[in-house]
Amino acid sequence: MSRRPILTAWTVLTAMVPAALGASAIAAELRARPEHVVSMNLCADELVLRLADRSQVAAVTYLASDRRGSTVATEADGIPVMRGLSEEIVVLKPDLVVAGAFTTRVTVGLLKRIGFPLLELDVPADFDGVRRQIRTVATALGHAPRGEAMIADLDARLARVVPAARPLRALVMRPNAFTVAPGSLGDAVIRAAGLVNVAAELGHDRFGQVPLEAAAFANADLVVLDESEPGAPSLADALLRHPVLDALRRQGRTVSIPNRLWTCPGPQVAEVVARLAAATRDRNASP
Amino acid sequence: MRIVGQTLTVRYGSRKVLDRVGLAIEPGELLGLVGPNGAGKTTLLRALAGLTPPDAGRVLADGHDLAAMPAETRARRVACLFQAPMAGWPLLAEEIVALGRLPHRHPFGRLAQADHAAIERAMGATDTLHLRGRRDTALSAGERMRVLLARALAVEAEILLADEPIAALDPGQALDAMALLRRLARGGTGVVVVLHDLTLAARFCDRIVVLDRGCVAAEGAPAVALTDAVLRDVFDIEVVRGHADGDAYLVPWVRSPLPHAPPMERRR
Amino acid sequence: MNAPASPIRTREARPLGTAGGRWLVATLSGLVAALILGSIAVGYATVDLPAAFADLVAGRTSLPALVLWELRIPRALLGGLVGFSLGLTGAVLQGYLRNPLADPGVLGISSAAALGAVATFYGGLAASLSLALPLGGIAGAAVAAFALNLLAARGSGTLGLILAGVGLSSLAGALTALALNLSPNPYAALEIVFWLMGSLADRSMDHVVLCLPLMALGWGLMLSTGRALDALVLGEDTATSLGFGLVSVRLRIVTGAALAVGSGVAVSGAIGFVGLVVPHLVRPVVGGRPGAGLLPSGLAGAALVLGADILVRLLPTRPELKLGVVTALVGAPFLVGLLWHDRTRR
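The listed protein sequences correspond, in order, to chains A, B and C. For the first sequence, counting from 1, position 252 maps to 252 in full-length UniProt numbering; every step adds exactly one. For the second sequence, counting from 1, position 52 maps to 52 in full-length UniProt numbering; every step adds exactly one. For the third sequence, counting from 1, position 147 maps to 147 in full-length UniProt numbering; every step adds exactly one.
By construction, these hints were calculated from the structure, which means they are not laboratory data. Quick caveat: nothing in here was measured; it's all calculated off a predicted structure. C-beta: ideal position from N, C-alpha, C; glycine also. Hints are supplied without guarantee of correctness; some may be wrong.
As the list claims (entries may be wrong) - The calculated label-pair distances, taken between Cβ atoms and stated as ranges, are:
(1) B:GLY28 with C:VAL330: 16 to 26 Å
(2) B:ARG105 with C:GLY220: 11 to 21 Å
(3) B:PRO90 with A:GLU201: 30 to 40 Å
(4) C:SER248 with A:ARG105: 29 to 39 Å
(5) A:ARG105 with C:SER62: 20 to 30 Å
(6) C:SER248 with B:GLY28: 32 to 42 Å
(7) B:ALA67 with C:LEU163: 53 to 63 Å
Claimed, not checked - Some chain C residues flagged as far from chain A (calculated, every beta-carbon gap over 12 Å):
(8) LEU24
(9) VAL47
(10) ALA54
(11) LEU66
(12) GLY123
(13) VAL330
(14) TRP340
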């Protein structure tokens, strides 16, 4: 799927903020605070659960309650979950559906045709994008001040981070050897911590996968992995326990940061910046 | 080696295919096994070869239980020729004959001088030397039968059990093959051959066993075993008899008249 | 025929087709060795191989030595091992079932092995006991091989066995997909491609150590049936009369195929068509005798998988193609051709 039309749509959208939140959403927005909000995507779940009143949330995705992948597992406790199927959503009679721009496209298309008020979230590529998205969702939920507070919190946490004095080379290895592509939010996070994203130098494929031996030879000072308990096994996770990465581990060149902290745009990405900067300071301190 | 089957009984399910059959194979003797289809000839051959363990009775080789003989030893001493399906792989005729030497070879060892010699002898005896480089798929039915006979001969065993070895041969080749089997017997081998051709059986075999519905109906020299009464009773046929070159011959001529007919119903 | 037995003459020129076989084995061994070296040389990063080798031999844990020992060499070795297993098993199965279409992939043995490996791996067994992974694959392969054996013993013909294999493959594939979908790990569901198409990417020396002894045992069992397979050309009765115990032969083949294919699939996924194609490629040289084709088929299988694995790394498609894609591109037309030939022959 091409990103370009969606980005274009986003530009149009933001130009009209806060008056317009997508054509179909306008009416709902002007009416009142939505009372039956359904979120269809993990990143939407995180923002909705943090910004809305609990009573406003009709359902979130089943991913929100997965402690390994979600930062809002506690908040999701007791909230009905669903899998993003049209039928599940229609019976909830939502007055706002928050969906991702790249996920559950069939359902979103159907909901559009039926005429449910819909807010589509794209994938921000920098901190400004994060701020915009927080603001958009907060406004749509009728809690614009909470959005502003969250943005202020994010900015305060970012301001506290002391970037690394000497820029180190960092390579992120996620399950299946996926890395953080240049031009993404993750890339912005790495740069904010004062690091150089090595992935930019590597010939990665269109999915952002890095061959293990290319990673080994990338000469990264810091290899960023998620070393938390993997839960159920998969080949994708097993790859990160390959002897080649183990060798880097033994050299103290790895740093563990839970992937859930920067899977989605939100205030928690500041935490990643802080942890990366701290790891860099440690690494710079050790000979 | 002398092989004796004692009161052999073989059942396939509830059906008795062999019912207390006794039979002895003597060295130097050509024994013909005849009988209508379904009489149990092939089963008897398999039992004598040790391939079908009898449900009752036993097979003795020189007084010892054949079943207790190691398979490799048995394979060297008792050669079998069964009606085989198409090989499926395009083996050379020579390679097929060489299979007869498998019981003589060491595991993973190559063909020894003696093996080559035995292969040559077997192919020479069956007039198949000119076919040695021919693929199995390019052989006629008669050529193939002779190659398979050569395969069995190449074992150079003391006993040869052959199931219808002349079925696909033309009259000349059939005569050759029977003469060869008789020559083999004269050399000391005990030969059992299942035959449908009563004329050739009577002409070449030293002894005939007539099998009918799993039992031995008659046994003895051809003149003793293949009497008019036995042939009428077992095969439902009348034969014409005569003499040629001082030997007696018989030729199946007509179906027996009533009251023996119809044969199909009589058999039930 | 009544002519006197021809004088015995020794034929030194060609002792019954073994010369062609020996020549082929020597050539293929050389080819496999060259491809293993080639496979070690090809990769995604430039490695100073001589220096890496020097480090490795000297026991220095440099990065190039590490990449060589834990990525390049295991990948090359596994390509050879898995290919040899598949080629040898194909040749043994074709000989035993007297069926030119027999192949661990076509008969569903590979997919069943993948199912067994998936069950142990995603069930978490392999995490606590690494040997559980190959054992799971072996168990799956054994069940499939045994089931096909029963079917063959009941007299199913060529096409009957192939149909049973197709059914078994689909069933095992479906159950694999089910098992992966049931896994709570979000990545698991995407990994069916690996299990059904096979890949050697990013394997390690641990995988080699895990499957090599089991595979070697399987090879030994299968190679020991060469003589019996020759005898079986003439049918089961004749083979028995030549001193071969069919129960023992069947047991060795089922166990050997399960060990070799099961442990291979457990580390590389199911790579199709190798066992189907290579016996037909070596047959024109070594002749139709099944026993003569075993070792050459194994070597040709190793060469085919190594070649395919080098190809997927040289092709510009990223992520790299699964091995099964390449082998299927060669094998599927071959299978159709064989079926066509088989159909027109009868």
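Structure-based check of each hint:
As the Cβ distance of GLY28 of chain B to VAL330 of chain C is approximately 59 Å, the hint placing it in 16 to 26 Å is violated. Take ARG105 of chain B and GLY220 of chain C: their Cβ atoms lie about 19 Å apart, and the range 11 to 21 Å holds. Between PRO90 of chain B and GLU201 of chain A the Cβ separation comes to about 58 Å, which falls outside the hinted range of 30 to 40 Å. For the pair SER248 of chain C and ARG105 of chain A, the supplied restraint of 29 to 39 Å is violated, since their beta-carbon distance comes to about 59 Å.
With their beta carbons about 48 Å apart, ARG105 of chain A and SER62 of chain C fall outside the hinted range of 20 to 30 Å. Take SER248 of chain C and GLY28 of chain B: their Cβ atoms lie about 35 Å apart, and the range 32 to 42 Å holds. In this structure the hint that ALA67 of chain B and LEU163 of chain C lie 53 to 63 Å apart at CB is violated, the actual value being about 38 Å. With a least CB separation of 34 Å from chain A, LEU24 of chain C remains clear of the 12 Å interface cut-off, as annotated.
Some Cβ of chain A comes within 12 Å of the Cβ of VAL47 of chain C; the nearest lies about 8 Å off, and the non-interface call is violated. Remark: the non-interface label on ALA54 of chain C is consistent with the geometry, its nearest Cβ contact in chain A lying 17 Å away (cut-off 12 Å). Not every C-beta of chain A lies more than 12 Å from that of LEU66 of chain C, the closest at about 5 Å, which undercuts listing it as non-interface. The beta carbon of GLY123 of chain C sits about 8 Å from the closest Cβ of chain A, which is not more than 12 Å, so the claim that it is off the interface is violated.
Residue placement check: VAL330 of chain C keeps its beta carbon more than 12 Å from all beta carbons of chain A (closest about 24 Å). Under the 12 Å C-beta cut-off, the non-interface status given to TRP340 of chain C relative to chain A holds; the minimum distance is some 38 Å.
Consistency note: the structure conflicts with the earlier hints numbered 1, 3, 4, 5, 7, 9, 11, 12.
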